[in-house]
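Residue numbers (the numbering used here), protein chains in the order written: chain A, 82 to 422; chain B, 82 to 422.
Some hints could be false.
Simulated crosslink set (EDC-like; lysine to aspartate or glutamate; CA at most 16 Å straight-line) [as the list claims (entries may be wrong)]:
{"id": "1", "chain 1": "A", "residue 1": "156", "chain 2": "B", "residue 2": "270"}
{"id": "2", "chain 1": "B", "residue 1": "156", "chain 2": "A", "residue 2": "100"}
{"id": "3", "chain 1": "A", "residue 1": "156", "chain 2": "A", "residue 2": "137"}
{"id": "4", "chain 1": "B", "residue 1": "212", "chain 2": "B", "residue 2": "325"}
{"id": "5", "chain 1": "B", "residue 1": "103", "chain 2": "B", "residue 2": "84"}
{"id": "6", "chain 1": "B", "residue 1": "149", "chain 2": "B", "residue 2": "163"}
Worth flagging that the hints you see were computed from the coordinates, not collected in a lab.
Protein chains: 2
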Amino acid sequence: MPELRQDFFTKEWVIIATERAKRPEELVTHRQVQPPPAFVETCPFCPGNENKTPPEVLRVPAKGDQWKVRVIPNKFAALSSEVQPARSLQHLRRRIDGFGFHEVIVDSPDHSRCMAQLSDEQVASVLNAYKQRYSSLSLDHRITHITIFKNHGVDAGASLQHPHSQLIATPVIPSQVRHRLFEALRHYDDVGECMFCHMIEREVEDETRVVLKSERFVAMEVFASPTPFATHIFPLRHMATFGDISEMEIIDLARILRTLLAKIYVGLENPDLNFTVRSAPAEYTQARHFHWYVSVIPRLTRVAGFELGSGMFINTVLPEEAADFLRRVSIEKVNAAAAGR
Amino acid sequence: MPELRQDFFTKEWVIIATERAKRPEELVTHRQVQPPPAFVETCPFCPGNENKTPPEVLRVPAKGDQWKVRVIPNKFAALSSEVQPARSLQHLRRRIDGFGFHEVIVDSPDHSRCMAQLSDEQVASVLNAYKQRYSSLSLDHRITHITIFKNHGVDAGASLQHPHSQLIATPVIPSQVRHRLFEALRHYDDVGECMFCHMIEREVEDETRVVLKSERFVAMEVFASPTPFATHIFPLRHMATFGDISEMEIIDLARILRTLLAKIYVGLENPDLNFTVRSAPAEYTQARHFHWYVSVIPRLTRVAGFELGSGMFINTVLPEEAADFLRRVSIEKVNAAAAGR
């Protein structure tokens with residue numbers, strides 16, 4: 082029997098379509114892709130080509146003049162830090178001059194290894210760079226929201242192959258984020274608790290949707306997952322904004338994020354994928370009603386007219402089956418390869 | 082200079098990224114696709130194969146035992162009309178048994194001709210079928226929202242080639258729709274007018290984003306368009322729900338919708354595409370604050386991590402340029418072919 086599930090947080094309904102149900106294996110695309118080389122002479126993100134990018138805003142140094150992670154302004158930035166966010170309103174047409182920051186985080190010097198194949202320590206360096214840039218840009222009083230995200234693969238929007246992440250800082254809080262903050266606030270006012278803390282506690286007890294758990298984080302399939310294998314990683318400690326993550330938590334998150342990505346890489350055969358850090362805006366740092374998380378979204382299906390026309394999604398994979406599938410995936414080979422270099 | 086634009090209705094911000102700007106022609110994919118045959122023996126929607134589908138719920142008859150349009154239950158329905166919408170809530174996990182209707186509207190007996198290539202009269206028959214099913218299903222007190230949509234092409238979610246539309250009727254109002262109704266209501270309460278009527282009047286005066294205008298409808302590029310060439314067709318008369326469309330309006334809408342689709346078909350070389358009827362739920366039929374429309378969305382770009390992580394979109398085509406481009410496209414050849422059969 083099909084089922085409608087409501088997300089506890091966005092309040093959006095999802096159709097879990099059991100009549101069209103697919104086993105997780107059926108979503109694998111089985112693309113034969115040649116693994117890319119470790120170094121590409123024309124790649125602007127490969128070592129030695131640092132002059133092909135704008136001057137870096139952050140470098141995590143390695144031995145000598147080498148680096149582990151670089152952060153640079155996006156050469157084809159969607160927003161410009163050179164203009165001021167002047168507003169105008171004419172009839173119902175509201176505009177702001179395109180002020181903002183658009184940065185690229187180069188995940189490692191190695192062109193060939195996606196994040197699933199990096200060492201936990203390298204991923205921690207990347208997360209550290211996220212945090213430094215998040216904290217630094219949050220200080221700009223013109224910035225109200227920062228989105229950190231990764232596009233892996235062409236279908237996920239990646240235009241350059243060399244593994245990298247991105248950050249876009251905007252002078253507006255997205256309407257979608259406002260709605261979510263409002264729903265979370267309403268729950269807090271009604272019940273006197275962070276709805277995420279409540280949900281996390283119950284899901285950890287219940288176990289059926291939990292994929293991985295560590296001392297400080299839990300990765301779980303989403304109860305009302307709009308698409309197959311949408312997985313959220315929550316800090317167990319209440320924190321509204323990503324900027325509050327501690328050093329120990331970064332180390333723990335690096336391990337759980339990397340392990341999850343490796344399980345998806347092996348189990349679903351390296352699908353195109355996005356992940357994004359879903360944080361409250363920095364001004365909410367003390368908020369009791371919001372809880373940041375990392376949302377990992379493998380791009381296994383296409384959005385069609387129903388989704389565009391209603392905002393509701395049809396998901397053909399039971400989240401409980403997705404969790405079971407991911408729990409069983411062994412990532413020994415990926416780990417051995419990551420340790421071997 | 083890039084620009085942030087806020088949609089007057091959803092309140093969502095869009096980045097119009099002029100640094101990454103593309104001319105409309107650059108979005109054409111230039112796929113060489115063999116035109117499909119007019120009849121396919123194995124196609125369940127082709128004439129003669131009526132027994133391969135569930136029994137039809139509506140038929141627009143043609144000569145003899147032929148038909149112009151058929152409406153049938155979806156064989157792989159996302160929801161089932163056989164169950165009752167029983168609700169349950171456990172902790173924060175809210176579910177409803179998967180009650181609903183999922184129907185297919187076969188646009189014409191001809192396997193080869195997409196809606197852009199049909200006659201205006203045939204499209205009017207399809208819209209009439211939409212209206213009949215919309216009105217009929219609205220009478221079911223368990224149904225609260227109906228989404229009518231079309232998927233054209235694989236990237237737009239179409240799994241069968243024979244041109245068809247779909248309808249999904251749900252026992253819930255999507256959260257996204259609720260938010261939009263609320264924003265429109267707030268405008269009505271503040272200003273005492275339908276925000277759509279206001280916007281339509283100004284856009285028609287302004288002309289820069291208008292693609293087509295008829296006696297009863299206007300097709301325009303969206304001021305804060307999240308993706309290139311997102312085009313809305315509004316009735317000029319205030320109407321909250323699609324079910325209130327008159328016979329004359331159906332004839333007029335058929336012409337303007339078909340003309341718009343033909344312009345996209347010719348100008349952008351038959352891109353994958355969705356369209357959807359955005360109506361208030363039937364219970365809002367008398368509402369003064371909402372205004373239904375048809376949203377046409379060519380699928381020319383990929384959604385990436387920023388969009389998934391913030392709800393904001395980056396659009397690389399200026400809506401004003403898209404409107405100018407579509408206005409200039411000649412559809413004489415398509416019209417001649419449509420009239421010739």
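Verification of the supplied hints:
1. A:156 x B:270: 45 Å, violated
2. B:156 x A:100: 10 Å, holds
3. A:156 x A:137: 11 Å, holds
4. B:212 x B:325: The given pair, whose Cα atoms are some 9 Å apart, holds under the 16 Å limit.
5. B:103 x B:84: Roughly 15 Å between the alpha carbons, so the hint for residue 103 (chain B) and residue 84 (chain B) holds.
6. B:149 x B:163: Between residue 149 (chain B) and residue 163 (chain B) the Cα gap is close to 29 Å, so the pair fails against 16 Å, i.e. violated.
Going through the hint list in order, the structure does not satisfy hints 1 and 6.
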